[in-house]
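Quick mapping for you: the protein sequence lines, in order, are chains A and X.
All residue numbers for the first sequence refer to my numbering, where the first residue is 1 and numbers rise by one.
All residue numbers for the second sequence refer to my numbering, where the first residue is 113 and numbers rise by one.
Keep in mind the hints are simulated off the structure, nothing from the lab.
Glycine included, each C-beta is placed from N, C-alpha and C at the ideal position.
Worth double-checking, as some hints may not be accurate.
A few chain A residues that face chain X, going by a derived Cβ cut-off under 7 Å, partial list only [said to hold, decoys possible]:
no., residue
1, Thr9
2, His10
3, Gly42
4, Gln56
5, Gly84
6, Ala87
7, Leu90
Computed spacing ranges between beta-carbons, pair by pair [stated by the list, open to error]:
no., chain 1, residue 1, chain 2, residue 2, range
8, X, Glu157, A, Leu39, 15 to 21 Å
9, A, Ala38, X, Arg143, 25 to 31 Å
10, A, Ala38, X, Asn134, 19 to 25 Å
11, A, His67, X, Arg143, 26 to 32 Å
12, A, Gly84, X, Glu157, 23 to 29 Å
13, X, Ser136, A, Gly84, 26 to 32 Å
14, X, Asp114, A, Leu95, 32 to 38 Å
Here is how the chains run, residue by residue.
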Amino acid sequence: DAGVTQSPTHLIKTRGQQVTLRCSPKSGHDTVSWYQQALGQGPQFIFQYYEEEERQRGNFPDRFSGHQFPNYSSELNVNALLLGDSALYLCASSLQGPEGYTFGSGTRLTVV
Amino acid sequence: EDQVTQSPEALRLQEGESSSLNCSYTVSGLRGLFWYRQDPGKGPEFLFTLYSAGEEKEKERLKATLTKKESFLHITAPKPEDSATYLCAVNAGNNRKLIWGLGTSLAVNP
Chain A
1 DAGVTQSPTH
11 LIKTRGQQVT
21 LRCSPKSGHD
31 TVSWYQQALG
41 QGPQFIFQYY
51 EEEERQRGNF
61 PDRFSGHQFP
71 NYSSELNVNA
81 LLLGDSALYL
91 CASSLQGPEG
101 YTFGSGTRLT
111 VV
Chain X
113 EDQVTQSPEA
123 LRLQEGESSS
133 LNCSYTVSGL
143 RGLFWYRQDP
153 GKGPEFLFTL
163 YSAGEEKEKE
173 RLKATLTKKE
183 SFLHITAPKP
193 EDSATYLCAV
203 NAGNNRKLIW
213 GLGTSLAVNP
């Protein structure tokens with residue numbers, strides 16, 4: 001049973017560029033949440049998608065956007081990258097809520 | 113404002129030396145408290161969910177307990193493979209997100 005799959009695992013981008021991160025949820029899960037985790041910090045909630053709609057959003061600027069597809073997979077897009085966007089981006093899937101979150105291994109984004 | 117605080121920030125134990133990690137929370141309407149383990153460069157791995165004061169859950173050398181203000185993760189006779197960062201998170205009210213602590217970095221020496 002495949003867990004949550006994220007791609008790519010590592011990414012290096014230049015300031016001002018745009019990036020797309022991808023997530024395939026655990027089989028049977030319909031809700032996808034994205035978190036940003038800076039080094040030595042706890043994860044920070046970006047947003048959550050359910051039924052292809054953004055259900056809740058954290059305190060992140062509009063440069064951060066997302067999408068959920070009919071097969072429940074999801075993308076996180078970040079425009080106009082800043083150095084401060086460098087972090088581990090985590091995708092978590094669940095059934096309609098935070099209970100029983102399953103996390104992927106994350107995408108390590110480095111902005112130079 | 114909802115808040116989660118974990119202590120200590122870092123803990124170093126000898127193999128077999130039992131100890132406890134603390135997670136204190138200030139939230140309105142707790143719906144669940146979660147413990148996760150995170151290895152460097154990896155995503156968090158789910159350990160436990162606790163829903164109400166007095167609840168306890170166990171898994172191998174780990175035992176999680178919950179009161180109205182805090183949770184403890186007890187580690188009995190730890191082994192070097194228990195070395196990791198242990199994260200606590202809460203879900204409260206009508207929120208769909210988890211609010212996280214900064215974690216406790218645990219190192220177990222052989």
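Hint by hint, here is what the structure shows:
no. : hint                            : result
1   : Thr9                            : 9 Å, violated
2   : His10                           : 9 Å, violated
3   : Gly42                           : 3 Å, holds
4   : Gln56                           : 5 Å, holds
5   : Gly84                           : 18 Å, violated
6   : Ala87                           : 12 Å, violated
7   : Leu90                           : 5 Å, holds
8   : X:Glu157 to A:Leu39: 15 to 21 Å : 19 Å, holds
9   : A:Ala38 to X:Arg143: 25 to 31 Å : 26 Å, holds
10  : A:Ala38 to X:Asn134: 19 to 25 Å : 23 Å, holds
11  : A:His67 to X:Arg143: 26 to 32 Å : 27 Å, holds
12  : A:Gly84 to X:Glu157: 23 to 29 Å : 27 Å, holds
13  : X:Ser136 to A:Gly84: 26 to 32 Å : 29 Å, holds
14  : X:Asp114 to A:Leu95: 32 to 38 Å : 23 Å, violated
Violated hints for the displayed structure, listed by number in ascending order: 1, 2, 5, 6 and 14.
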